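Q: Letter by letter, the chains look like this.
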Amino acid sequence: MNGFVVENRIWDQEECLPRNELTALQTARLKETVARVGKVPFYRDALGKAGVTADSIRSLDDLRRLPFTTKDDLRNYYPLGMLAVDRKEVARYHGSSGTTGKPTMVAYTKKDLEHWANLCARFLTGGGLRPEHSVQIAFGYGLFTGGFGLHYGVERVGASVIPVSAGNTPKQIMLMLDMQIDALVCTPSYALTLSEFIIQNDIPRSALNLKYAHFGGEPWTEDLRTRIEAEMGILCFNNYGLSEVIGPGVSGECAARNGMHISEDAFIVECINPETLEPVPPGEEGELVFTSLCKEAMPIIRYRTRDIASLNPEPCACGRTTVRMGRVTGRSDDMMIIKGVNVYPSQIEQALLRVDGTAPHYQIEIDRPDRRDIVTVKVELTEKSFSASMKEMQELRERIDHAIHGITGLRMNVELVSPNTLDRFVGKAQRVVDHRKKV
Amino acid sequence: MKLKQLSVFLENKPGRLRELCALLADNGINIITLSLADTEQFGILRLIIKEYERAKSLLEGKGFVAKLTDVIAVEVKDEPGGLSRILQIEQEAGISVEYMYAFTIKSGENAVLLFRFDDMDKALDALQASGMGVLHSLELYQRAES
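Each protein sequence line maps, in turn, to chains A and B. If you count by this note's numbering, then the first sequence holds residues 1 to 439, one letter each, in order. If you count by this note's numbering, then the second sequence holds residues 1 to 146, one letter each, in order.
So that you can see chain B by itself, here it is in the shape it has in the complex (with noise of 0.2 Å):
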């Protein structure tokens, strides 16, 4: 129920993170979402794409280090509440959350919280035995999509 997230290394230098989503675009390649992490010095770009592998070989090819990460992907209503209830539990299993992102379904009623915890199999668990809606790759492609 893990799934990937694309991590790329960004220098902060003018245009890098043009290049890299001309080069996704010209070759088709689609962002769900993403997010981005930055220092004075670098940033990492945080990617979530149906054909990952594809992308991460594009990106070195040029030039780019970019690595596959596990992450975690909860639908919950849009509303007040969703992300809170997530932590909670999250808390009490004794998890921390390293990063999250999130984005809004087309449809409009629900939302994707992508999360990296600092125990991913654990967080699962907590996830799912409190009933949570854990996505796994298709259905959150799906979602995406539709």
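With the rest of the complex left out, here is chain A (with noise of 0.2 Å):
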């Protein structure tokens, strides 16, 4: 380590509201977004059914009376059926992160990417970002709501912002180290690969002057935190977000590093049981659920977000009085998370529907073993598949290999088993055997 130690300090007061101030700001502000989503057909219709109005919610408790949003009901509202506001009051458009389909639009006002970037510069404050600071940016500009959404908020901080985008790891340390950064923001698993360079380029820790790192966009282990920490010789910061709910800053770890602080202002939180979709008690793991309180443009009412992770709500030494929320240690669909990518099986099945041929049996394997995850799809042949010369067994294994990347814009490493010898299920289907969560 390099002994720097980051310092307790608190971006705005909302942060350290008591309960029941926080308590009286989320009904009222509940209140607002309801009445604000009046606006979109597809709550218009589920509060109607539910009927529930804005002037009948009087406590958070009416919260429980209203209905969850999925992945799905944006999907069949895409690209903008969810937004609250006239198109011309938009200020910027982003999109789920991930593959060549159609993602997920999300929409934002001029003051909805005010409230955004200061939702950032509070857990980067948290984390250690001081004005005089000069902060790496390593995650993709683009639709993905990572780049943009640290932009601003370093911005906003008074720090400076080096916009490096994602990729072009030689170019990245060149910067940090002629550029003498402090800072970095990226995945974990690219912090893995930046590192990596380092090593094998005997890059002395006494040449860089990194300090400290904001990771996020994909769920990463305490472990993984101890050894990058160990290689790079920084403090790690975890934080949390998604572009359905706003982008990074949903939540993020302050100094004390024990859990990210949810602004609490902004989002109300629920953490239910994904079968029965009962809140699990304080402390148990379940999904995380968000309600949007400050949005204008696409306000989301309980959004369901799939990860599962606990809540915490313990008072923190930092002085912030929000509830913390753990790491994200799972799904409670079979999205995978492969390169920063979103993938589920249901795309693999596209792609092997789409060879001519293939049986929709088959298997995921992921592994990290050289810190790049390795994806195996395991496809079982059928009779109409297989061929006696070697040239079109290839030419199939090729196929498949085209039309994963077309779909998930990714490269797979594509298996011919026997059929029968994949494991059949009965009810919900286990496809997907990760191996990366023994790291």
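Each hint should be verified, as a subset may be incorrect.
What the hints assert, rightly or not - Within a straight-line C-alpha distance of at most 35 Å, the following computed DSBU-like cross-link-like pairs (lysine-lysine) qualify: (1) B/50 / A/378; (2) B/62 / A/378; (3) B/13 / A/384; (4) A/391 / B/106; (5) A/378 / B/67; (6) A/339 / A/211; (7) A/391 / B/122; (8) A/378 / A/71; (9) B/77 / A/391; (10) A/378 / B/4.
Said to hold, decoys possible - To list a few chain A residues with every Cβ distance to chain B over 10 Å, as calculated: (11) 36; (12) 230; (13) 344; (14) 368; (15) 416.
The set of hints was computed from the structure by calculation and includes no laboratory data. Since this is a predicted model, take the numbers as computed values, not measurements. Yeah, the Cβ is synthetic: ideal placement off N, Cα and C, and Gly gets one too.
Using the hints, put the two chains back together into the complex; each one sits in its own frame.
A: Here it is, written out as structure tokens:
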């Protein structure tokens, strides 16, 4: 370690409201949000069915009368069916990260963008960012909310941004050295790649001025934190967000690094059992559900994130009164995050169905042997797809590879196996074997 | 004049080939000849068997993928130049060999070459026009048994 210490600093007073004031603020803002979503056909119908009006909201208990929103609902209203303002009010659009299929589009008014930058400024400040620092942003800039979200958060704090975007590792390290960068923003897996490059090129720790990093965009572990901190000699902070809710800035760690403070003046969080939809007791893991309280362009009611984590309502040493969420430990659906890209097994199935003669029996194995995600898709052959010609068999593999790449944007190893050798499932299929979890 | 080859997909897993051979042996099925093409991941076993239909259903019953493929058998003298002559005929006819394998007949004088060409009908015409000894299936089985 380089001995860098982050002193506790709070960005704004909304992070430290007494619980009764926070509850009153949330209730008033929930009422406003319910009124605002009256313009969105999906919510107008759902609220009508549930018999809820803005006026009938009297306390936070009324939240449970509101309908859930799922990813499928957002897909059904692609691209802008969930917009609650006129298009001319929209200042920027982003999209869900990932695949080459249709993304989920999200929209921001000018006020939303200011609000979002403020939320990012909060966790960045909590995690060490000071106006005199320079921050290298190695998140992708584009539809993905990570790059731009953090960019404006850093500017809001008054620090300087080096918007390198993702990729080109040698250039990242060159700038990190030459510009004597203080802080890094990227995914934890990209940090590993950067660290590996530093080690391979014998760059001495003393040549770097890097003090800390803010990681997000994918789940990671305490073990990984320990490893990156030891290798790079920096402090690593975790933050969380998703485009459907706002992007990064939903929550982030403070100097205590013991859970991520959720900006509760901006979001109401629930933690539910994904089967029964009932709340789970504090400290127990469940699916996180968020309701936005300040968003104008695309307010969202009870969005089911599918992310599994626990909530900790205990007061934190830093003085913030907001509830903290633990690391995301899994998903309540089958989404995989591979090289930072969201992939669903159903997309593999879709790809296989495009290749003539392949059966929809497949299994996905993910490994990270050398710090890079390696995905193997095992596909069962059929009599139709089997050929005695080696050339045709290799072509079959290539066709499957192309189809998977076309849909997911990722290259995977395709392995052909005999029929009936993969597990058959009764009920919910377990098609993904993720060996990375051991790390 | 084309004959049937039984092609079987083999995963590169220990014991898979032995399992297949044991299954045929237990059912009294003799392999006349075979060839195995393999990659790192999988292999394709090509079998010449008299009772190919029965062998196919036995294998399928045990979860193998098997398929019947047309091949051409040519009988040549077991001496230098036998294969070269056939390849010359096919090259002149503009046909390529996809794969081939061979075995010698017990009597020791002749060899049987098995071919899969990219254009099987054209290949057969070219061979017959050149007077090559193309075997039909019964002839092949007789040669193998004699």
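Q: Now, for every hint given, state plainly whether the structure supports it.
A: Going down the list of hints, with the structure as the test:
1. B/50 / A/378: holds, 34 Å
2. B/62 / A/378: holds, 20 Å
3. B/13 / A/384: This hinted pair holds, its Cα atoms lying about 22 Å apart.
4. A/391 / B/106: holds, 33 Å
5. A/378 / B/67: Holds - the C-alpha atoms of residue 67 of chain B and residue 378 of chain A are around 21 Å apart, at most 35 Å.
6. A/339 / A/211: holds, 25 Å
7. A/391 / B/122: Holds: residue 391 of chain A and residue 122 of chain B sit about 20 Å apart, inside 35 Å.
8. A/378 / A/71: Since the Cα atoms of residue 378 of chain A and residue 71 of chain A sit roughly 28 Å apart, the hinted pair holds (cutoff 35 Å).
9. B/77 / A/391: The given pair, whose Cα atoms are some 31 Å apart, holds under the 35 Å limit.
10. A/378 / B/4: holds, 30 Å
11. 36: holds, 56 Å
12. 230: At about 36 Å from chain B, residue 230 of chain A clears the 10 Å cut-off, so the statement holds.
13. 344: The claim stands: residue 344 of chain A keeps its Cβ more than 10 Å from every Cβ of chain B (closest is about 26 Å).
14. 368: For residue 368 of chain A, whose nearest Cβ neighbour in chain B is about 21 Å away, the distance exceeds 10 Å, so it holds.
15. 416: Since the minimum Cβ distance to chain B is about 6 Å, residue 416 of chain A lies within 10 Å and the statement is violated.
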